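Go by the hints and put chain A onto chain R.
Residue numbers (my numbering), protein chains in the order written: chain R, 1 to 598; chain A, 1001 to 1192.
Some hints could be false.
[Claimed, not checked] Straight-line distance between alpha carbons at most 16 Å, and here's what the computed EDC-like set of lysine to aspartate or glutamate pairs gives: (1) A/K1052 - R/E88; (2) A/K1049 - A/E1009; (3) A/K1059 - A/E1009; (4) A/K1052 - R/E349; (5) A/K1049 - R/E88; (6) A/K1052 - A/D1113; (7) A/K1052 - A/D1008; (8) A/K1049 - A/E1015; (9) A/K1049 - R/E544; (10) A/K1059 - R/E88; (11) A/K1052 - A/E1009; (12) A/K1020 - A/E1055; (13) A/K1020 - A/E1078; (14) A/K1049 - A/D1077; (15) R/K223 - R/E349.
[As the list claims (entries may be wrong)] With beta-carbon atoms standing in for the labels, derived distance ranges: (16) A/L1076 - R/A46: 35 to 43 Å; (17) A/T1190 - R/A46: 28 to 36 Å; (18) R/R449 - A/A1178: 52 to 60 Å; (19) R/A67 - A/P1122: 20 to 28 Å; (20) R/R82 - A/T1190: 38 to 46 Å; (21) R/T505 - A/A1173: 35 to 43 Å; (22) A/A1178 - R/L535: 16 to 24 Å.
[To be verified] Covered stretches of chain R, going by a simulated chain A footprint (3 or more residues, C-beta under 8 Å): (23) 49 to 60; (24) 72 to 81; (25) 369 to 380; (26) 393 to 407.
Since the hints were derived computationally from the structure, they do not count as laboratory data. Quick caveat, the model's predicted, so the values are computed rather than measured. Virtual Cβ for every residue (Gly too), placed ideally from N, Cα, C.
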Amino acid sequence: MSRFGRIHRSPDHFSSAHERARARAAERIDGPLGLAEATWLDEHLAGCAECAAIAAAYEADRQALRALRDAQPVPPRDLWARTAAAIEQESRDHGRSPRTAGVRQSRRVPVGALSGLAIVVVVVGVTAVSGDLFGQGASPSSALFSASSAPETAADIAAGAAAAPTPIAVGAGNVQWLRVDPDGSLALNDSSIDEVCPIDAEAGCGVIDDATARDIAIAARPKTVIASPDEAQAVVVSGTDGTVRVMSLVADGGDTAGEESTSAPTATAATPSESTEPSQAPDESAAPPASTAPDETTEASVPPEEASSGEPTAEPAETPAPSESPATSASPSPEPTVAADLAIASDVEVVGSSAAFSADGHWFAFTARPADGSRGPDIYVWRVGDDQARRLTTDGATTFASWADDMVVASRPSPDEAAGVITVTIDPASGDEAAAASTWRPAVDPTGRRAVAWAGTIESATDGAGWRPGDGSLELQAWPDGTASPIRVVANGPITDFDVRWDETGDWFAVWLADDTDPEIGRLSLYRIGANGRLEQPEGAPDETPALAGFSIGQGRLAWATPPGQGGEGSRVAIVAWTDDGVGSVESAPGADIVIIR
Amino acid sequence: MSGTWDRDEAAAFVETLFAKHQGEIYAYLLRMMRDPEVAADMTQDAFIKAYKNYETLEKPENARAWLYQIAHRVALDEIRRRKIIRFLPWTGESKGAAPSAEHLVMDARLSGDMQRALERIPERQRAALLLAELHDLTGLELAAALGVSHVAARALLTRARESLRQALAAERAAEAQAEASRDQNHAARTDR
Chain R
1 MSRFGRIHRS PDHFSSAHER ARARAAERID GPLGLAEATW LDEHLAGCAE
51 CAAIAAAYEA DRQALRALRD AQPVPPRDLW ARTAAAIEQE SRDHGRSPRT
101 AGVRQSRRVP VGALSGLAIV VVVVGVTAVS GDLFGQGASP SSALFSASSA
151 PETAADIAAG AAAAPTPIAV GAGNVQWLRV DPDGSLALND SSIDEVCPID
201 AEAGCGVIDD ATARDIAIAA RPKTVIASPD EAQAVVVSGT DGTVRVMSLV
251 ADGGDTAGEE STSAPTATAA TPSESTEPSQ APDESAAPPA STAPDETTEA
301 SVPPEEASSG EPTAEPAETP APSESPATSA SPSPEPTVAA DLAIASDVEV
351 VGSSAAFSAD GHWFAFTARP ADGSRGPDIY VWRVGDDQAR RLTTDGATTF
401 ASWADDMVVA SRPSPDEAAG VITVTIDPAS GDEAAAASTW RPAVDPTGRR
451 AVAWAGTIES ATDGAGWRPG DGSLELQAWP DGTASPIRVV ANGPITDFDV
501 RWDETGDWFA VWLADDTDPE IGRLSLYRIG ANGRLEQPEG APDETPALAG
551 FSIGQGRLAW ATPPGQGGEG SRVAIVAWTD DGVGSVESAP GADIVIIR
Chain A
1001 MSGTWDRDEA AAFVETLFAK HQGEIYAYLL RMMRDPEVAA DMTQDAFIKA
1051 YKNYETLEKP ENARAWLYQI AHRVALDEIR RRKIIRFLPW TGESKGAAPS
1101 AEHLVMDARL SGDMQRALER IPERQRAALL LAELHDLTGL ELAAALGVSH
1151 VAARALLTRA RESLRQALAA ERAAEAQAEA SRDQNHAART DR
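Chain R extracted, bound-state conformation:
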């Protein structure tokens, strides 16, 4: 029986070949070794009688120990009577459980049953770095709760008949998201969150008001949107045309996203001049820009033979020629704001969900592979102001994990199969690498002291696009020396995929674990680092709450999109906010086809 997956320890961790052989011989009893290590072990044992004898002893000792299974002791017959009486006494001594009065509200639904619903949800929220995505000062201080304004929904009206719970005041901050309307048009919602409902409120605390939404148009239907720390632009991963685009989030004249605007956007530093001109939405049906040879100045690290026609292009892609936008023609007024956008990568398939801006906002990193699947994933970096992203790694086997200060944290399988995983830090400018850890995809906190990482084996993803966790667990560890501090297990495998994000303080993080049947749906949990590094889940914090992929955390808020289908409704934007006094929540009204951002 294989109790464990493949091992990770590198051969150079042993002081001698004999020590290595004995350790491997013991390890092989509980799980398979990698092919290379197993071959090495067999060859060593064939030539080392002493090690072979020890390996045989391990197996013989094991059999001797397992022989004890034949003698199964029988517990005393009155053991249950004694135990039941003790439990009853325990119950009487403590009366009603104190936990009954205030439990976590866990909304468990069979995620798998939801997976058949293909609604795409886009949430634009506060960034992990800056929290407030589009700024606070210029944002409209829209009313968030029906409870503090006129009731707008039937539920609000019904709830209004009863005494409304007192909302919890939280620090100022905005949450934004996109909504995809049935005609394909997009609306950017911006809501200031300064009050949330008490977690034990049963009803009537109102819903998020999205009346401040403004129409926008970008050249591709977004799958994921990540805002820059300076809130001026966002990187949009297309779900349809294999592009990664940068769009301006600042309307002309400095208007922020929360206000109705018909003006053209201000070009960002990353936006080439040709992209600033259109005043109408590019036609989404337009063919993607043709691939061209990579720019030598940005793809210098790519071997020439790899720059084939199958390669994703890093050439700045011209914004498709403006054409009449369905959104424009279908929308009588106001005219949509056109977000100037620039394709920084084309003909790629973005892999995983850990794309992010660096803390200083100067770089953006993501993992992608050619859209034709001709090679494995590599890390791409885009320096704000450049026309295109460039491929930072070239081995076709590296995945972006997170940022540690201004360094890219990257994970890849070890060239030595038995050694498992290598995580390195890479200078995004020079490409210089340094070994960092032996865990997979560590999400390093903003202080650079901790990381949540996969400790275990990895295996090829079923779609061939990279790797997925194998046998092991998701752990909170010290960074980068993961073994030097108490390890806290966040989740045990098997896990299909995960997304971990920290708030700006490094005290809170959220973990999203993908459902094994639908990678777009999963469960979201919020954690706090307590005293002595203990993991805590405050009452009211999401705990394996169903959520679509993509969430934002920061400024004391966690925002995500609920999967459609719960109660027969569409997706909602759900927000949990916390203060020293507690945790509260608020939701948007269900949307037919709400869109995505993070």
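Just chain A now, kept in the frame of chain R:
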């Protein structure tokens, strides 16, 4: 298990757990403590703790590993409380009733060099071996029961196998030496 912590629900759940797992939990604690009476008391204690900590069980499918984790902690606490590191010596004179036939059979099996070797190794390594080889816990269950990461559990088990090998070798060497000494004394008496 997140959700409303209901006493009746918890009691019913623990009763189901008891019916399903009492035998193996008792066996594990007996193998750790080597005293039937103590093992019975600790089994009872483990299920009471399961009742009291019902809300910490995240998923029902993890109940077995969760129960072993509780039992393991109960055992370690008791070992530390008694300031014993090794197995209690089997005297055949437990408090109360005389040992059952099963206990005697088990003791006979454990009373040889394997028992003494197990006594020699650290209790966490001993627990890892017992849980893995006699209780068939998977790697993840073992990690959960021991309260360590999956990687640490495997490393612990690897160290335990080496510790057991060395301890068994030491026991056998000591036994051989004692045998030789007995033969020497016998020869000396014969010579007289």
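We went through each hint and held it up to the structure:
Using a Cα cut-off of 16 Å, the hinted pair A/K1052 and R/E88 holds, with the two alpha carbons roughly 11 Å apart. With a C-alpha separation of about 15 Å, the suggested pairing of A/K1049 with A/E1009 holds against the 16 Å cut-off. Of the supplied pair hints, the one linking A/K1059 and A/E1009 holds, its CA atoms being roughly 15 Å apart against a limit of 16 Å. At roughly 49 Å between alpha-carbon atoms, A/K1052 and R/E349 are farther apart than 16 Å, so this suggested pair is violated.
At roughly 13 Å between alpha-carbon atoms, A/K1049 and R/E88 fall within 16 Å of each other, so this suggested pair holds. Of the pairs offered as hints, the one joining A/K1052 and A/D1113 is violated, with about 39 Å between alpha carbons and a cut-off of 16 Å exceeded. Proposed proximity of A/K1052 and A/D1008 is supported: the alpha carbons are some 12 Å apart, at most 16 Å. Of the supplied pair hints, the one linking A/K1049 and A/E1015 holds, its CA atoms being roughly 13 Å apart against a limit of 16 Å.
Taking the CA atoms of A/K1049 and R/E544, the gap is near 24 Å; set against the 16 Å cutoff, the hint is violated. A hinted pair counts as satisfied when its Cα atoms are at most 16 Å apart, and A/K1059 with R/E88 does not qualify at roughly 24 Å. Simply put, A/K1052 and A/E1009 have alpha-carbon atoms about 12 Å apart, close enough for the 16 Å limit, and the pair holds. Simply put, A/K1020 and A/E1055 have alpha-carbon atoms about 19 Å apart, too far for the 16 Å limit, and the pair is violated.
The suggested pairing of A/K1020 with A/E1078 is violated, with an alpha-carbon distance near 24 Å, which exceeds 16 Å. In summary, the hint linking A/K1049 to A/D1077 is supported, as the alpha carbons are separated by about 13 Å, within the 16 Å threshold. Only pairs whose Cα atoms come within 16 Å are accepted, and R/K223 paired with R/E349 is accepted, the gap being roughly 11 Å. As the Cβ distance of A/L1076 to R/A46 is approximately 41 Å, the hint placing it in 35 to 43 Å holds.
For the hinted restraint 28 to 36 Å between A/T1190 and R/A46, the CB-CB distance of approximately 47 Å leaves it violated. The hinted window of 52 to 60 Å between R/R449 and A/A1178 holds, with their beta carbons roughly 55 Å apart. For the pair R/A67 and A/P1122, the supplied restraint of 20 to 28 Å holds, since their beta-carbon distance comes to about 22 Å. A hinted range of 38 to 46 Å is violated for the C-beta pair R/R82 and A/T1190, which are about 57 Å apart.
Here the CB-CB span from R/T505 to A/A1173 is close to 58 Å, at odds with the stated 35 to 43 Å. The given range of 16 to 24 Å is broken by A/A1178 and R/L535, whose C-beta atoms sit roughly 51 Å from each other. A stretch counts as covered by a chain when three or more of its residues have a beta carbon under 8 Å from one of that chain; for the stretch 49 to 60 of chain R and chain A the count is 3, and the coverage holds. For the stretch 72 to 81 of chain R, the proposed coverage by chain A is satisfied: 7 residues have a C-beta within less than 8 Å of a C-beta in that chain, meeting the threshold of three.
Residues of the stretch 369 to 380 of chain R lying with their CB closer than 8 Å to a CB of chain A number 0, which falls below the three-residue condition for coverage. With a threshold of 8 Å between beta carbons, the proposed coverage of the stretch 393 to 407 of chain R by chain A is violated, since 0 of its residues qualify and at least three are required.
Consistency with the previously given hints fails for numbers 4, 6, 9, 10, 12, 13, 17, 20, 21, 22, 25, 26, ordered from lowest to highest.
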